[in-house]
Every structure is written in structure tokens, then in C-alpha cells.
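Chains A and B, in that order, give the protein sequences.
Numbering-wise (the numbering used here), the first sequence opens with residue 125 and increments by one.
Numbering-wise (the numbering used here), the second sequence opens with residue 59 and increments by one.
Note that these hints are calculated values from the structure, not bench results.
Keep in mind that the hints are not guaranteed to be accurate.
Unchecked claim - Straight-line distance between alpha carbons at most 27 Å, and here's what the computed BS3-like set of lysine-lysine pairs gives:
{"no.": "1", "chain 1": "B", "residue 1": "Lys156", "chain 2": "A", "residue 2": "Lys194"}
{"no.": "2", "chain 1": "A", "residue 1": "Lys195", "chain 2": "B", "residue 2": "Lys156"}
{"no.": "3", "chain 1": "B", "residue 1": "Lys95", "chain 2": "B", "residue 2": "Lys125"}
{"no.": "4", "chain 1": "A", "residue 1": "Lys138", "chain 2": "A", "residue 2": "Lys195"}
{"no.": "5", "chain 1": "B", "residue 1": "Lys156", "chain 2": "A", "residue 2": "Lys207"}
{"no.": "6", "chain 1": "B", "residue 1": "Lys95", "chain 2": "A", "residue 2": "Lys133"}
{"no.": "7", "chain 1": "B", "residue 1": "Lys156", "chain 2": "A", "residue 2": "Lys181"}
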Amino acid sequence: DGGITQSPKYLFRKEGQNVTLSCEQNLNHDAMYWYRQDPGQGLRLIYYSQIVNDFQKGDIAEGYSVSREKKESFPLTVTSAQKNPTAFYLCASSIPWREATNEQFFGPGTRLTVL
Amino acid sequence: QQPVQSPQAVILREGEDAVINCSSSKALYSVHWYRQKHGEAPVFLMILLKGGEQKGHDKISASFNEKKQQSSLYLTASQLSYSGTYFCGTVPVGEGGKLIFGQGTELSVKP
């Protein structure tokens with residue numbers, strides 16, 4: 125079955141440590157996205173990538189980094205520079221987004237808690 | 059700028075109807091609707107495009123007023139499975155297709 129996987133589902137880290145969240149898709153989608161979700165604030169775009177080896181900052185990129193070395197994979201690193209990293213992180217993919225006419229498919233999410 | 063959804067929350071009895079609204083201050087190319095169950099991934103419901111085209115599930119209906127930059131999602135004869143948080147995502151004209159989500163509307167359907 126095609127879909128998006130994120131791992132782990134729950135992640136605990138100490139303050140000051142970098143942590144990498146995994147996102148893999150087998151939908152053959154070119155575009156991938158990372159969102160952060162906090163209670164009552166909806167989904168906010170962190171980074172997005174329309175093609176391998178290319179990515180752009182979203183609205184809240186500070187303190188995060190990404191890579192896109194393979195079409196299937198778009199890992200997100202939460203660095204120690206992110207002041208409030210505790211949140212629910214969602215990865216999504218779609219057919220290239222410039223047309224904005226195609227839905228995004230979401231992974232199950234990773235809940236990160238920084239202690 | 060984030061679109062504004064209303065109401066923020068609504069409680070229904072099974073079989074009742076509800077309308078969720080989404081309003082943007084910018085001219086829009088399209089509006090997307092998603093539903094999220096607690097702790098799960100958002101699931102696509104519908105896309106409404108400038109010019110009147112729609113893509114989505116047959117059992118969901120929605121409208122898009124391009125002039126007012128507003129969209130409404132219509133939930134009729136609600137079922138328990140309709141419970142969840144509904145998000146609209148707007149795609150402003152001339153911003154490269156980036157999807158900007160509203161803060162969500164929490165819908166609870168009671169027996």
C-alpha cells in the first residue's frame with residue numbers, strides 16, 4: 125500500500141539536543157512538506173521541497189533544517205536553536221504543488237517532547 | 059496571513075447539520091478542506107478552485123465565494139464519525155501555491 129510513514133511516533137529529548145524526525149513516502153510524489161501543529165494554532169509550514177536536492181523555508185523555519193537527497197525521504201532536524209520544539213510534527217506529500225490543485229497526503233505524525 | 063475559521067467549536071446531535079466557514083483577507087486561487095481526528099493525520103476532504111471546479115468526496119459539499127475570499131463546508135445529517143477538527147487551507151493568488159491553514163474548527167457529534 126502506498127503512503128507516508130513517520131518515525132518515531134513519540135520522541136523525548138533533553139533540552140539542547142538536536143533530533144531528527146524521519147519521513148518516507150512511496151507515493152512517487154515530487155513535493156514534500158513539514159508542518160508543525162500546536163494546540164489551537166492549526167498547521168504551520170516549516171519547510172517544503174518540490175524536487176530532490178531542492179527545498180525552501182516555510183513560515184517558521186528558524187531552528188529547523190532539512191535535506192532532500194532522495195525522492196522518497198525528507199528528514200527534519202530540530203536543532204537546539206529552536207526555542208520551543210515541543211509539538212506535533214506532520215509530514216506530507218503531493219504531486220507538485222505550484223498548481224495547488226492536488227491534495228496533500230499526511231503521515232501519522234511524530235509527537236516531540238523536549239524535557 | 060492565516061485564514062479565519064468560524065465557529066471555533068460546535069456540538070451536534072446525530073442527524074443535525076452544521077456549516078463551517080473560512081475567510082481570508084487575500085485573493086485566493088483555491089481552498090482546501092481537511093478533517094483530523096485527535097492524534098491522527100489530517101485527511102483530505104475537498105478542494106475548491108477559482109472558476110468553480112471542485113475535487114473531493116461525493117458526500118461532502120462546500121462552496122467558494124471568490125469575490126469575498128470565503129468558503130463554507132456543509133455537513134448534513136451528521137454522523138458520529140464526522141467528529142474531529144476541520145481545517146481549511148487557503149492558497150493565495152500569486153504566492154506560489156503555498157497552503158496556509160486556518161486554526162481549525164472542532165466538531166463533536168453526540169448520539
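Hints, one by one, checked against the model:
1. Lys156(B) x Lys194(A): Distance of about 22 Å is within 27 Å: holds.
2. Lys195(A) x Lys156(B): It holds: about 20 Å lies between the C-alpha atoms, which stays within 27 Å.
3. Lys95(B) x Lys125(B): Not OK: Lys95(B) and Lys125(B) at ~32 Å, beyond 27 Å, violated.
4. Lys138(A) x Lys195(A): Distance of about 31 Å is beyond 27 Å: violated.
5. Lys156(B) x Lys207(A): holds (25 Å)
6. Lys95(B) x Lys133(A): Distance of about 16 Å is within 27 Å: holds.
7. Lys156(B) x Lys181(A): Distance of about 11 Å is within 27 Å: holds.
Taken one by one, the earlier hints fail for this structure at numbers 3, 4, listed in ascending order.
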